[in-house]
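K.L.:
Protein chains in written order, with the numbering used here: chain A, 2 to 372; chain B, 229 to 535; chain C, 8 to 430.
Calculated from the structure, these hints are not laboratory results. No experiment lies behind these values; they were computed from the predicted model shown. Heads up, some of the hints might be wrong.
[To be verified] Rough simulated footprint, nothing fancy, chain B against chain A, three-plus residues with beta-carbon under 8 Å:
1) 84–93
2) 174–187
3) 228–237
[Claimed, not checked] What follows is a set of in silico ranges between Cβ atoms, one per label pair, in the way DEER data are often shown:
4) C:Leu356 x A:Ser354: 39 to 47 Å
5) C:Trp176 x A:Glu361: 53 to 61 Å
6) C:Arg319 x A:Gln135: 47 to 55 Å
Using N, Cα and C, we set each Cβ at its ideal position, and we do this for glycine too.
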Amino acid sequence: MMKTSVKKLALAVGASAALMAAGQAAAEIRIGIAGPMTGPVAQYGDMQFSGARMAIERINAAGGVMGEQLVGVEVDDVCDPKQAVTVANRLVNEGVQYVVGHLCSSSTQPASDIYEDEGILMITPASTSPEITQRGYELLFRTIGLDSMQGPVAGNYIVSQNPNRVAVIHDKQQYGEGIATAVRDTLRDAGVEVAMFEGITAGDKDFSSLVTKIKQANVDFVYYGGYHPELGLILRQARQADVSSKFMGPEGVGNKDINTIAGESAEGLLVTLPPSFDEKPENQDLVAAFEAKGEDTSGPFVLTSYAAVQLIADGIEQAGSQDPFEVAKALRAGTFETPIGTVQFDQAGDMESFEFVVYEWHSDGSKTPVN
Amino acid sequence: MQDLLYFSQQLINGLTIGSTYALIAIGYTMVYGIIGMINFAHGEIYMIGAYTALIAITGLATLGVAWLPLILIVALLCAMIVSSSMGWAVERVAYRPVRGRHRLIPLISAIGMSIFLQNYVHLAQGSRNIGFPALIDGSFRFGSSEGFQLSLSYMQITIFITTLICMTVLSLFISRSRIGRACRAVSQDLGMANLLGIDTNRIISATFVIGAALAAVAGLLLGMYYGSVDPLFGFIAGLKAFTAAVLGGIGSIPGAMLGGLILGVAESMTSGYLSGEYKDVVAFSLLILILLFKPTGLLGKPEVEKI
Amino acid sequence: MIAHNFKHALFCAVVTMVVAYPILGLNLVARGTRVGLEGADTTTLIAIFVAAVVVFAFQLYRDTLMAALGKMPKLNPLAHREPMPQAKRVKMESWVLTGIIVLALFWPFFVSRGSVDLATLVLIYVMLALGLNVVVGLAGLLDLGYVAFYAVGAYTFALLSQYMGISFWMALPLGALLAALFGLVLGFPVLRLRGDYLAIVTLGFGEIIRILLNNWTAVTGGPNGIGGIPEPTLFGMEFGRRVKEEGNTSFHETFGIAYSGEHKVIFLYLIALVLAVITALVIRRLMRMPVGRAWEALREDEIAARSLGLSRTAVKLSAFTIGAFFAGFAGTVFASKQGFISPESFVFLESAIILAIVVLGGMGSQLGVVLAAIAVTILPELAREFSDYRMLVFGAAMVLMMVWRPQGLMPMRRAHIELKRQE
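I would like the entire structure built from these sequences, with the hints used as guidance.
P.N.:
Written as structure tokens, this is what we have:
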């Protein structure tokens, strides 16, 4: 009984696989773009979609890849791990061979299992969790820096300021805790005393106890790993309680929204950010193209997504083949010029170097590079 | 000395939060006292109060009004009116039709209402955190400027005083006024009160309106104190306030005040001496323990199961 | 009368405006670093006005309308039909159910992979909802922390496979049993609480378990979650492209067919289907057993049930434990399907969605729950624009159901004996 059903299963699956293969023989290259279109982080998803769309448009206008046009297949994962698996399967259905996405690390991780198994090449322009590329996947790349790269940059900057005591706070989420841990380790290695290492609850509003604790610990530097809503409140409540420590955070806090919450207290906040790619002179015509469409390029994921699409196109050209495994080999072998600079991948699929710059944030929402 | 100052500071922090929990808890405790249901959507009413206050403040700022007392009074009035209307409407739409049915039915209806209101604000105003201007700034400081300085901000004082005023007025209202007397009668025996000519529907509506108005006061105060609002923050605050109400003895107004203060202090001591990660765990554990060992709370009356 | 109605209607209309206008009509927007206020577009304003007018009109003619509605024949054409004879109904129902299951068995071979994957998710929700149905629908205990047991099942499998290399088939009973044990241990102290207190306490438990999972980084990986959870194997055959565990063979090599990712998806679907059917059958059986009757007796009238000699604790505890058991089942399948789990999959919202499924389906009814699970999971997939409004609609639907049809869309019908009418 068991055997016959297995055979049936095998037969049916074989048939549908053959059907799928037939569907792929069109003269276009389909690229899946997966990210949140709805839900609480949709604003970041918009950056990703607008960057990827622009890249597809411009590459097609320049004659496509190997004479074939790129076609974007956009799907919405709401940044929910459950939805991410569903849309990943849908992309497999669509016969997509390359994916740009996903945005949240917790979505990227389960989705990448499926892509790797199905022989789909994936480039995430936004997921920063180091774990993602540590699993020895062959078809997984990313065009953004890792939490473990950003942490040391911040940590080293703090060390260079010769603080006596430092507090490291995080929001108990993957992103925040990851960076905070990296910062703490960097500080410890350099012999700086970390007086506090503590988590808060994301979404909480009352930080008066935490602020009192920071004040009591008498630290002169506070590093916060997490996003702007909580840091904004911490800053504001800290200034209210006369805490004079310097504050620093990762790119997740470098957002104008922090000014609406913290007001004057945001002045002097230090933020590590990727360099503003949109201010580079060589990107000016690209930025102009975005502006012509009424889109903003200042978001952190716009140009990384653009670069991800471009890398797929360049990889196909270099490999001279549309087989994702060949393309992956080509990507690992070559160096590529993209709007986010010269890209070279290491074995894991991360960029060899991704620069982070320390900026000082101002109460009017502008920022200036430090030193 | 340092440690004592630190302790006092955490105590002040805890009492501040506690007093606002108490303001929200009134809504739970009064409704529960009268119709014996948990008004799950009350946290959302508080959130809507905070949003309305912020909208009023922003609106006045756009119009160029700069006189602080006027801004505060207008914001407070707007928040109270909108929240009360919301409370009234919620009772009419979601609770009155199911009153008197199996106990689970109003509860599920209330959860549905809570989800609905949360998403209503989420869709209308977006999910991002919006900054709340700090209208009352500055603080008293105690202790030498070398070491740890105790600070008592004007905002904290405002919160204490407002809470105190609200509680006193409410107590007087419940004990002296005609409606207050009717409220107490209804909470003791709804059927009997009805027979005696009290319009019970009206009294129940009044309870919701009063609870919602106090939640709106808490919304304005906490919005200014914390600094931002978002559509989700009502739910957890509501849970905390409910915990406070249960802690003090549900149905009892001084109990709500006491429960709120105890909970606030417990939370702030947890983050002060242990870790902020476990703040919510402590709050929920406290709730569970109280319900298990003294379900009537600290000041509540034992409830007799009637057959 | 009309004057009184008019005043009331006017008041209702004003309240509608007050409730709707500030939140809908005035939007807070970030202008640079400041918060500004923006009036909504005209459509919204008109909508608010129309809503107020509708409320006004409805309240004004309320009495007339209600009377007219009362006089109208029942809209449901089946309302007056003769109920089918007991034996025939049971027979037909079992035929229909068998038909559905057979259809579900062969369906995945003819549709796309994405649909099969979605169907697996639906089946997981079916299991969860059937389990919660025992607790809420049958025993009348409102459990708002049901997702905690789901998390226990998922984390049991993830941790066992990570630290001890245990496979899906071993973990499936272990996860379910551990979840049941959790249900037993947590349930024991809380079950003497009254209904609404119980709801709050279970909510607290659910949150505590999630916070602990999130903070116990050394074991659970905290917010990073646990990845690399293996898929189920079929007699030691793996479904991946490459064999991950030594000693296993791969499915496609054993049968000499080309590798296809569909094998895995369909296999998982079939496992979920079998488990869901088992869940349904077990619960169906339990419902007819003395314990099932005891659940309902206790739900209907606790005092009467107790005076008939039913042990309140034992009966409630059995419902709670069995519900938790099936949540553990579902959790294991979920972990295996995802390959990666983190605490963010086990938030209160998930409990609320499962509860919504049970409520919409009709508390106590199995077929209703299955249909509701399908509707709740698939609707947002069909209409992406709907997905933003999903929770709004759920909330409203929960309220409306409670007001109009607390027994759900397909209320449970007990097998009962009807007295023959005297000719």
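K.L.:
Taking the hints in turn, state whether each one holds.
P.N.:
Outcome of the hint check:
Counting residues of the segment 84–93 of chain A whose C-beta lies closer than 8 Å to any C-beta of chain B gives 0; at least three are required, and the coverage claim is violated. Given as covered by chain B, the segment 174–187 of chain A fails the check, having 0 residues with a CB less than 8 Å from a CB of that chain where 3 are the minimum. Requiring three or more residues with a Cβ within less than 8 Å of a Cβ of chain B, the coverage given for the segment 228–237 of chain A holds, as 5 such residues are present. Distance hint check: the CB atoms of C:Leu356 and A:Ser354 are about 40 Å apart, consistent with the given range 39 to 47 Å.
Roughly 57 Å separates the CB atoms of C:Trp176 and A:Glu361, a value that falls within the hinted 53 to 61 Å. Distance hint check for C:Arg319 and A:Gln135: the Cβ-Cβ separation is about 52 Å, which falls inside the suggested range of 47 to 55 Å.
In the structure shown, a violation is registered for the earlier hints numbered 1, 2, in ascending order.
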